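Protein chains: 2
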Amino acid sequence: MKVSELGEFRLLEAIEKLVGSPGDGKALPWKQLITGIGDDAAVWRCNNPCHLATIDASVEGVHFTLECTPWEDLGWKSLAISLSDIAAMGGSPHYALISLTLPGHTEVDDVMALYRGMIEVAQRFGVAIIGGNISSAPLVMIDTVVLGHGQGETGRTLTRASAEAGDSIAVTGSLGGAAAGFATLTAGLKFKPAATASLREAFLRPKPRIAEGQFLLEKGVKTAIDISDGLVSDLGHICTRSVVGARVNVDLVPIHPAARECLGEKALHYALSGGEDYELLFTAAPSVVSTILREVSFPITIIGEIVADGKAEVALFNDRGESVKAPGSGWQHFAGSF
Amino acid sequence: MKVSELGEFRLLEAIEKLVGSPGDGKALPWKQLITGIGDDAAVWRCNNPCHLATIDASVEGVHFTLECTPWEDLGWKSLAISLSDIAAMGGSPHYALISLTLPGHTEVDDVMALYRGMIEVAQRFGVAIIGGNISSAPLVMIDTVVLGHGQGETGRTLTRASAEAGDSIAVTGSLGGAAAGFATLTAGLKFKPAATASLREAFLRPKPRIAEGQFLLEKGVKTAIDISDGLVSDLGHICTRSVVGARVNVDLVPIHPAARECLGEKALHYALSGGEDYELLFTAAPSVVSTILREVSFPITIIGEIVADGKAEVALFNDRGESVKAPGSGWQHFAGSF
Numbered sequence: 041m042k043v044s045e046l047g048e049f050r051l052l053e054a055i056e057k058l059v060g061s062p063g064d065g066k067a068l069p070w071k072q073l074i075t076g077i078g079d080d081a082a083v084w085r086c087n088n089p090c091h092l093a094t095i096d097a098s099v100e101g102v103h104f105t106l107e108c109t110p111w112e113d114l115g116w117k118s119l120a121i122s123l124s125d126i127a128a129m130g131g132s133p134h135y136a137l138i139s140l141t142l143p144g145h146t147e148v149d150d151v152m153a154l155y156r157g158m159i160e161v162a163q164r165f166g167v168a169i170i171g172g173n174i175s176s177a178p179l180v181m182i183d184t185v186v187l188g189h190g191q192g193e194t195g196r197t198l199t200r201a202s203a204e205a206g207d208s209i210a211v212t213g214s215l216g217g218a219a220a221g222f223a224t225l226t227a228g229l230k231f232k233p234a235a236t237a238s239l240r241e242a243f244l245r246p247k248p249r250i251a252e253g254q255f256l257l258e259k260g261v262k263t264a265i266d267i268s269d270g271l272v273s274d275l276g277h278i279c280t281r282s283v284v285g286a287r288v289n290v291d292l293v294p295i296h297p298a299a300r301e302c303l304g305e306k307a308l309h310y311a312l313s314g315g316e317d318y319e320l321l322f323t324a325a326p327s328v329v330s331t332i333l334r335e336v337s338f339p340i341t342i343i344g345e346i347v348a349d350g351k352a353e354v355a356l357f358n359d360r361g362e363s364v365k366a367p368g369s370g371w372q373h374f375a376g377s378f
Numbered sequence: 041m042k043v044s045e046l047g048e049f050r051l052l053e054a055i056e057k058l059v060g061s062p063g064d065g066k067a068l069p070w071k072q073l074i075t076g077i078g079d080d081a082a083v084w085r086c087n088n089p090c091h092l093a094t095i096d097a098s099v100e101g102v103h104f105t106l107e108c109t110p111w112e113d114l115g116w117k118s119l120a121i122s123l124s125d126i127a128a129m130g131g132s133p134h135y136a137l138i139s140l141t142l143p144g145h146t147e148v149d150d151v152m153a154l155y156r157g158m159i160e161v162a163q164r165f166g167v168a169i170i171g172g173n174i175s176s177a178p179l180v181m182i183d184t185v186v187l188g189h190g191q192g193e194t195g196r197t198l199t200r201a202s203a204e205a206g207d208s209i210a211v212t213g214s215l216g217g218a219a220a221g222f223a224t225l226t227a228g229l230k231f232k233p234a235a236t237a238s239l240r241e242a243f244l245r246p247k248p249r250i251a252e253g254q255f256l257l258e259k260g261v262k263t264a265i266d267i268s269d270g271l272v273s274d275l276g277h278i279c280t281r282s283v284v285g286a287r288v289n290v291d292l293v294p295i296h297p298a299a300r301e302c303l304g305e306k307a308l309h310y311a312l313s314g315g316e317d318y319e320l321l322f323t324a325a326p327s328v329v330s331t332i333l334r335e336v337s338f339p340i341t342i343i344g345e346i347v348a349d350g351k352a353e354v355a356l357f358n359d360r361g362e363s364v365k366a367p368g369s370g371w372q373h374f375a376g377s378f
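Residue numbers (this note's numbering), protein chains in the order written: chain A, 41 to 378; chain B, 41 to 378.
Be aware that one or more of the hints could be misleading.
Since copy identity is lost for identical chains, a pair holds within one copy or between any two.
What the hints assert, rightly or not - The list that follows gives simulated cross-link-like pairs (lysine to any residue, SDA-like), each with its CA atoms no further than 25 angstroms apart:
hint, residue 1, residue 2
1, Lys42, Gly101
2, Lys351, Gly192
3, Lys42, Pro178
4, Lys365, Glu48
5, Lys57, Asp349
6, Lys365, Gly47
7, Lys351, Leu58
8, Lys42, Val102
9, Lys57, Leu46
10, Lys57, Lys232
Derived by calculation from the structure, the hints in this document are not laboratory data. None of these values were measured; they are calculated from a predicted model.
Please take these sequences and the hints and turn them into a complete structure.
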C-alpha cells in the first residue's frame with residue numbers, strides 16, 4: 041500500500057504504534073516522558089541542568105539514493121549521524137524527533153522499515169523517539185533531532201574551539217571505509233564479498249562513538265569533532281574555531297582494513313577526504329593522550345599535532361617529512377563532492 | 041551571489057553573524073547558552089525540569105511557492121508554525137534549531153532575508169536560534185525545531201487528550217483569513233488593497249498565540265490544539281485523542297473580518313477547513329470558560345461543546361439546529377488539499 045492510499049493521519053498512527061510509548065519501556069528516557077508522539081509537542085521531565093541539541097539532514101539524491109540504500113539502513117544512518125554529533129560533544133543522547141518528507145507513491149512498508157532502522161539505533165544507544173513531523177514532498181528527506189546532556193555536575197562537553205598548540209591530534213577507529221563502501225554501491229567497484237560487506241556496513245550503518253566521546257571527556261580531552269565531511273575538512277573546522285594550525289602525518293592515518301585490502305594506496309584518499317566514517321577526531325595535551333592510550337579499550341591513533349597558526353591551515357606530510365597535497369577538500373554542500 | 045558560489049561553510053559563517061551569539065544579547069535564553077551555532081551540537085544550562093520540543097516542516101511546492109512567498113515572510117512563517125505548537129501546549133519557547141535545504145542557484149541575499157524573518161519572529165517571542173544544518177537539495181525545505189518549557193513547578197501543559205463531555209469548545213481570534221490570503225496569492229482572487237493586505241498578512245505572518253496559551257493554562261484549561269490543518273480537522277484530533285465527540289454551531293465560528301467582507305458566505309468554508317490560522321482551539325468546563333471570558337484581553341469565542349461519543353465525530357449544525365456538512369476534511373498530507 042502506498043502512503044497516498046493510507047493518508048497522513050493513519051500513517052502517523054502506524055508509526056506511533058511501531059515507535060511505542062512511555063508505558064511500553066522501562067529505560068530512563070521513557071520513564072521521564074510525559075507526552076510523546078501525537079500532541080503538538082513532546083513533553084518530558086529532566087533535572088540535569090546541561091542540555092544538548094543537534095539536527096542533521098539526509099536528502100535523497102544528495103546524501104543517499106534509494107537504489108543504493110535499503111530503507112532500514114537509511115533509518116539507522118539518518119539517526120546515527122545526529123547521535124554522532126552528540127558523541128562529538130562527549131554527551132549522552134536521550135530523545136529524538138524525526139521530520140520526514142515522502143512522495144505519495146512511497147510504500148508504507150518502506151516507511152515502516154525506515155522507522156525500524158531508526159528504532160534499532162535509538163534502542164542501541166538508549167534513546168527514545170518522542171515526536172516529529174511527516175509531510176508530502178517530491179523527494180525523501182529525513183531531519184533527525186537528538187536531545188541530550190553534558191557530563192557531570194557542571195555539564196562539561198567537548199567543543200571544536202579549545203585546541204591548543206602542542207596538542208596531539210588523534211582519531212578513533214579507522215577511516216576511509218564509508219567512502220569505499222559508497223564507491224562499491226555507486227561506482228561499480230567490485231571486491232571480495234566479505235570486504236564489500238564490511239565497507240558497505242561502514243557506509244550504511246555507522247556506529248556513533250557515544251561511549252568513546254564520554255570516555256575522552258572524562259579523561260580530560262576538551263576538543264573533538266566527528267568525521268562527517270572528511271578528516272582534512274573536519275580537522276580544518278577545529279583549526280578555524282580554535283584559531284590554530286594542524287600538521288598531520290598521512291602515513292599514521294589509520295585506514296579501514298577492507299579499504300586498504302581492496303584499494304591499496306588509493307585508500308588513503310578515502311581516509312583523508314572521503315568522510316562519513318563518524319569516527320571521533322580529537323586533540324589534547326600529549327600527557328592526556330598518553331594516559332588515554334594506556335587505559336583505552338577501543339582503537340585510538342595519534343596522527344599529528346596542533347601548531348600555532350593564525351591562518352588555521354591543515355598541513356599534510358609523510359614519514360619522510362615530505363609535504364603531501366590534500367587529495368580533495370572534503371565534502372561541502374553547494375561546492376561539489378570530495 | 042549564489043550559494044553555490046559562496047559554498048556551505050562561508051554561508052554558515054554569514055548566517056552565524058546574522059543570528060548573533062550569546063555575547064550580543066541580554067535576553068534570558070542567550071544568557072544560559074554555552075555553545076551556539078558552529079559546533080557539533082548546541083549546549084545550554086537550564087534548571088527548569090519540564091521540557092518541550094517540537095519540529096515542523098515547510099516544503100517548497102507543498103507548503104509554499106517562492107513565486108507567492110517573499111523570503112522574509114517565509115522565514116517568519118516557517119518558525120512561527122513551530123512556535124505555535126509550543127503555544128498550543130501553553131509553553132514558553134526558548135530556543136530554535138533550523139534545518140535548511142537549498143538549491144545551489146539560490147541567491148545568498150534571499151537566504152539572509154529568510155533568516156531575517158526567522159530572527160524577527162524569534163526575537164518577538166524571546167527565542168534564540170542556537171543551531172541547525174544546511175544542505176543542498178533540489179528544493180527549499182525548512183525544518184524548524186523549537187525547545188521550551190511547561191509552566192509552574194510541576195511543568196503543566198495543555199494537551200489534546202484531556203477533553204471531557206460537557207466541555208465548551210472555544211477558539212481565539214478569527215478564522216479563514218489565512219486560507220483567503222492564500223487564495224489571493226494563488227487563485228487570482230482580487231479584493232480591495234486593504235483587505236488583500238490583511239488576508240496576506242494572516243497567511244504569511246501568522247502570530248503564534250504564546251501568551252494566550254499560557255493564560256488559558258493558568259486559568260485552568262487543560263485541552264488545546266493550534267489550528268494548522270483546519271478547525272474541523274484539528275477539532276477531530278482533539279476528539280480522537282480524548283475519545284469524545286464534538287458539536288459545533290457554524291454560525292458561531294468567528295470569521296476573519298476581511299475574509300467575510302471579501303468572500304461573504306463562502307468565508308465560512310475557509311474558516312472551517314482552510315487551516316493555517318494558527319489560532320488556539322481549546323475546550324474546558326463551561327465555568328472555566330466563563331471566568332476566562334470575564335478576564336480575557338484577547339478575542340475568544342465559544343463555538344460548541346464536547347459530547348460523549350466513542351467514534352470521536354465532529355458534528356456541525358447551524359443556528360436553526362440543522363445539520364451542516366463539513367465543506368472539506370482539512371489538510372492532510374498525501375491525501376490532497378482542503
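Results for each hint:
no., hint, in the structure
1, Lys42 x Gly101, "both (21 angstroms within a copy, 20 angstroms between copies)"
2, Lys351 x Gly192, "neither (35 angstroms within a copy, 50 angstroms between copies)"
3, Lys42 x Pro178, "both (14 angstroms within a copy, 23 angstroms between copies)"
4, Lys365 x Glu48, "between (51 angstroms within a copy, 22 angstroms between copies)"
5, Lys57 x Asp349, "between (54 angstroms within a copy, 23 angstroms between copies)"
6, Lys365 x Gly47, "between (53 angstroms within a copy, 21 angstroms between copies)"
7, Lys351 x Leu58, "between (50 angstroms within a copy, 23 angstroms between copies)"
8, Lys42 x Val102, "both (24 angstroms within a copy, 18 angstroms between copies)"
9, Lys57 x Leu46, "within (15 angstroms within a copy, 44 angstroms between copies)"
10, Lys57 x Lys232, "neither (40 angstroms within a copy, 49 angstroms between copies)"
Checked against the numbered hints listed earlier, the structure breaks hints 2 and 10; every other hint is satisfied.
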